[in-house]
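A.B. asks: Use these hints to put chain B onto chain A, whose structure you have.
There are 2 protein chains.
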Amino acid sequence: MEFVENAVGRLIPKEIDGRELIPFQGAFADPIAKMGRRKYAPPIPKSHPEWLTGESKLCKNLEDAIKRAGLRSGMTISFHHHLRNGDYVVNMVLEACDRLGIRDLTLAPTALFPIHAPVIDYIKKGVVRNIQGSMNGPVGEFVSYGGLPTTAILRTHGGRVRAIEDGDLHIDVAFIAAPCADDYGNANGVYGPSACGPLAYSYADAMYADKVVVITDNLVDYPCLPISIPSTHVDYVVVVDRIGDPEGIVSGTLRITRSPTRLYIAELAAKFIRESPYYRDGFSFQTGAGGISLAVTKFLGEYMEQDGIKAGFINGGITKFSVELFKKGLVRKLFDGQVFDPVAIQSFRDDLWHQETPMTMYANIHSKGCLVNRQDVGFLGATEVDLDFNVNVNTHSDGLLLHGIGGHTDVAAGAKLAMIVVPSYRKRIPVIRKRVTTVTTPGETIDVVVTERGIAINPRRKDLIEHFRNSKLPIRDITEIYKEVMDICGGEPAPPKTTDRIIALIEYRDGTVIDVVYQVQR
Amino acid sequence: MEFVENAVGRLIPKEIDGRELIPFQGAFADPIAKMGRRKYAPPIPKSHPEWLTGESKLCKNLEDAIKRAGLRSGMTISFHHHLRNGDYVVNMVLEACDRLGIRDLTLAPTALFPIHAPVIDYIKKGVVRNIQGSMNGPVGEFVSYGGLPTTAILRTHGGRVRAIEDGDLHIDVAFIAAPCADDYGNANGVYGPSACGPLAYSYADAMYADKVVVITDNLVDYPCLPISIPSTHVDYVVVVDRIGDPEGIVSGTLRITRSPTRLYIAELAAKFIRESPYYRDGFSFQTGAGGISLAVTKFLGEYMEQDGIKAGFINGGITKFSVELFKKGLVRKLFDGQVFDPVAIQSFRDDLWHQETPMTMYANIHSKGCLVNRQDVGFLGATEVDLDFNVNVNTHSDGLLLHGIGGHTDVAAGAKLAMIVVPSYRKRIPVIRKRVTTVTTPGETIDVVVTERGIAINPRRKDLIEHFRNSKLPIRDITEIYKEVMDICGGEPAPPKTTDRIIALIEYRDGTVIDVVYQVQR
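Going down the list, the sequences are from chains A and B. Residues in the first sequence are numbered from 2 upward in steps of one, following the numbering used here. Residues in the second sequence are numbered from 2 upward in steps of one, following the numbering used here.
Extracted from the complex, chain A is given alone in its bound form (with noise of 0.2 Å):
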C-alpha cells in the first residue's frame, strides 16, 4: 500500500478497496470543487401508471417494495437516524433483505446507534459488506476490530450530502423511516406516535437515490403536510406496525449536566462568548443535546437577556432550552437538522420561523453557501484535542471507533468561533493530548479550547488573542494545560495496539481524506 502525508501530518494510502482517495489538503482547499466535475444527475423517472394516476404507491409490505424496487446484492442503501436509539427500520429491512437472499450490501445510514447491534450479524452473514455512515457504540466496536470485510468511510453532516450530490456515494435504495406518510408518499415527522420532528437527514438521500421507499407507522390522508419528503420522490411506499420505540426517538429528560467541573466549563465557554467581538444584537449560534452544551446555552440565554442582546438564530439540533430563549425573544428564528425533545417537536412543527434545515442547506460545501457558513458561535465536543488543536471525535485513545462525526467538522469549519468544550481528562486518561489518535476535525478550524484548567486560544486566532489580552477570563497556552494534565493522569496513554490494516476512512466535509482508522488487536 502507498502512503501520502496530508495536510494534517496523517498517512493517507493512494487508494483503498479499488477506490483512489484525495488525501486532505487544508480545511478550505475543497480539491474536488476544482475538478470542473458536475453532480450526480439521476435516472429520469420511468412513469409508473400508479404514479400518473395518482393511485396509491402502497406496498403488501417491506419484502414487497424490496423486490418492486429492484433491490439486489451488492447494492447500496440508506437510512436516517432521526430516530435514534429507538429506530426499528433498519434492521427490519435488513431483515427482510435476509429472507430474500441479498447479501454484499453496502449500507449508508446517517448513524447507526446501539439499537442497531443486529447490524453485526447481518455482517457475519453477508448480508452487509460495506458500511458507509456514523457508527455509534456496538457496530463501531465490531468494526474497530475488523469486523467488516472493507473499509468502512465516515462523513459528517455535510460531507455525506455532498458524496451524494456529487456522485461520490451513489444510493440504489433509500429507506426512509417517516412518522407520518400519505399514500403517495409525502413525509414528515412530526406526527404520530413515532414524531421526531425534521426528516432533514434523508431529503438528499430522496432526492438522489435511484429508488425511495417511505416506510411509516402512522399512514394518513393524502396530502399530509407539511412535507419534509416530496411524494414527488418516492417510489414506495410501505406500513408496518412500529417504525421506532418513543423512548428510543426522543429524550423527557434531557438534563443540563450536574457535575460542578462540566458546568465550570459551560460559564467560561459563556463568558467567553459574551466577551468575544461576536456577542452582539443579531449573532448566531450552534447548540446540541450534550450536558455542557446545554449548560452553555443556559448560561448564554441568560447573559443575553441581561445584556438586552437578541440571536438572529440557533442553529439545531434543536431542544427545549433553545425553544425556551426562542419563545422568550431571546432568539429570532430556529434552525433545525433534528430535535431530541417533544417540546423542540412541537415547536418545529408550529412555529413558522423553526425551520427545517435539510444537509445541502447545514453544511454542504460545495452548495453555494451553506447555514453554518453564516455561523457566529458554536460550541463543540471531544474525545480528544491535541497542541496543533485537531479534534478527535470518533475514536478513544484504545482505538476503538465508537462515534460519528455529525456536523462537528463542519460547524468547526464555518463558524466564526468554533469552541470546543471539554473536561481536560475524563477517568484520569487525557483529553488534552499531543496528538490526538484520529483526526476528525483539522486544528486550523479550532478557534479556542475550553476546559475547566483554563481557556486555549488557538495561536493561529491572533486577532483573539489580542482581543483577549485584558480578559480576566482564565487564558492559557494550550500546552501549560497539557503539561497539568499530563501530570494528572501520568503521561499520554499508551498508544493503541493495532494491526496494519485499515478498517475506516475518515472523509474531511469537501471529500478528502484526514484520517484513517486502523484495525484494534483484541
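Rather than coming from a laboratory, the hints here were simulated on the basis of the structure. Keep in mind that this is a model prediction, so the values were computed, not measured. Errors might be hidden in some of the hints.
Stated by the list, open to error - Here are the simulated EDC-like pairs of lysine to aspartate or glutamate, each with C-alpha atoms no more than 20 Å apart in a straight line:
1. A/Lys40 / B/Asp173
2. B/Lys329 / B/Glu306
3. A/Lys40 / B/Asp169
4. B/Lys417 / A/Asp222
5. A/Lys417 / B/Asp122
6. A/Lys47 / A/Asp173
7. B/Lys417 / A/Glu56
8. A/Lys311 / B/Asp222
9. B/Lys126 / B/Glu96
10. A/Lys417 / B/Asp222
11. B/Lys126 / B/Glu64
12. B/Lys47 / A/Asp169
13. B/Lys68 / B/Glu51
C.D. replies: Showing chain B alone in chain A's frame:
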C-alpha cells in the same frame, strides 16, 4: 422541411433550428422517460470565498451581478412571473444586458405579460434571439407576425420544469425577482412592498441554473424566513429600488363574473361536479382566477356547505375565494403555486396547511408523482374546443399567439374530471369548433365541456356518460352544440392567413411537440 403527423393529427417538422423534435404520441406515451436518460447535472459549484466565510453575496448593482455571473452573448436567462403584469425585472435585466453589449440571448421566462412589451425592442436590437416561455399579449403578437428570428417554444408549467430537470432547457443565469431576501440569497415572496406569495415558478431555475441572481427591493436580516429559494443555490444578490408595481402584481379587485351567461355556465359546472362520482368527502379540485372559475368555486363551496362535504385540498392558483373555504373548514389544505390577491398572500404566509408547490411538485410528469395526478376535479378555460375535445388556449381563430399554457395541459392530464368551462362562442366567434386552430391540450385528457348551451361529455368517458344517464342536467352531444354555434356565428371563421414559417412550437408536458404555430400575415 420534413413533417410527421402526430397523435392529434398535426404535422410536426422533424427538426427545427437544429433541434430534433419528437412528435406527440398520446397523452401518456411519454417517450423521453423510456429512453433511459438522466436528469441534468449542474456543475459542482466552485467554492467562492464569500460563500465559505458566510460573507454577503451583494453586488454593487445589476450590471455587476451580470458580469460576475459571466453572462455572455448567446446564453439563456430565466425569470418567473409571480409579479405578473407588475414585473419590472425582465425589462431591467434586458436593459442592463443591452448596455453591456450582450446579444442573442434566449429568454426563458415562465411567462411574459403586457408590461414586457419592451422585449419587442430588445428582439429588434438583437439582445433577444429566442424565447422559451409563455407570451401573454404584445410579445406573443409580435412573435406571431414573425418578429422573432428563431422558433419560440411554449411549455406548460409542468413541461417547463421537466425541460429544465431533463436538461432540454439549460439555463445559464436565472434571475429571480424576490419580494424579500437576505444578503446570502435566501428569498421568499411574502414580505415587502412587492409581496406576491410563493416563488414556486423559480425553484427549479434555482436548482438547475449554472448561476442564480436574486434581485430584491426588500433586503432583510439574515436569515430570511420562510425560505422559498435557498441560499445554497444563489450566487449573487442585487438590491434595486423596486422589483415591481403592486397594482400589477396582485389584484385587489378579483371579481366573480357578473355575466348571466357565464354565471349559468359556472352553475352548470358546479352542479355537474356535485352529481359526479368525485364529489365526496376528501375530494379535491383546482381553481383559477378567471371570472367563471371563481364562480364555480363559489357555487361549489355553497354545495359543500349544504351537503356537509369537505374537500381534502384545493390545488391553486389561490384566491381569497379559496382561502374563505379553507378558513371555514370546507377545505382542509391549500396547495399553492401562485396567489392572486392580498388575502391569499396572507394565508400563504401564515397558515401551516397552505403549502407552496414548486413546479415539479405541482405537475412534473418526470417526477415520481405530482400533485395534478392526485386531483379529482379541474375546471379550465379555452379559446377554442373542438369536436375531438382538443383544446386551444394559445391562439385565437385569427392565428395570433396571445396566451401561455399555464398548467392547463398538466391539470387536464392529471385530474380525474377535467372540465372546460367556456361560453360556446365569444363576440360571434365560435369557441366550439370542428378543429381548433392550435392543439394545446389533447382531447383524450378532457372529460367534459360545459357551455351555456349544455354539457358535452367526452365519448371516451363511457363511465361518466352512464353515470349521468338520468341526470336532469343538459347533457348533450358536442356536435349538437357545435351546430347551434355554427348557426349563430354563421359558420366557421376563415382560417388564419399564415405563411409557411413556423414561429412557435407547442410542447406537450412530456417534451413532445403537440402542435406548431405559423406566422400570421399582416
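A.B. asks: Now tell me, hint by hint, if it's right for this structure.
C.D. replies: Against the structure, the hints come out as follows:
no., hint, result
1, A/Lys40 / B/Asp173, "holds (16 Å)"
2, B/Lys329 / B/Glu306, "holds (9 Å)"
3, A/Lys40 / B/Asp169, "holds (17 Å)"
4, B/Lys417 / A/Asp222, "holds (18 Å)"
5, A/Lys417 / B/Asp122, "violated (49 Å)"
6, A/Lys47 / A/Asp173, "holds (15 Å)"
7, B/Lys417 / A/Glu56, "holds (11 Å)"
8, A/Lys311 / B/Asp222, "holds (13 Å)"
9, B/Lys126 / B/Glu96, "holds (11 Å)"
10, A/Lys417 / B/Asp222, "holds (18 Å)"
11, B/Lys126 / B/Glu64, "holds (19 Å)"
12, B/Lys47 / A/Asp169, "holds (17 Å)"
13, B/Lys68 / B/Glu51, "holds (17 Å)"
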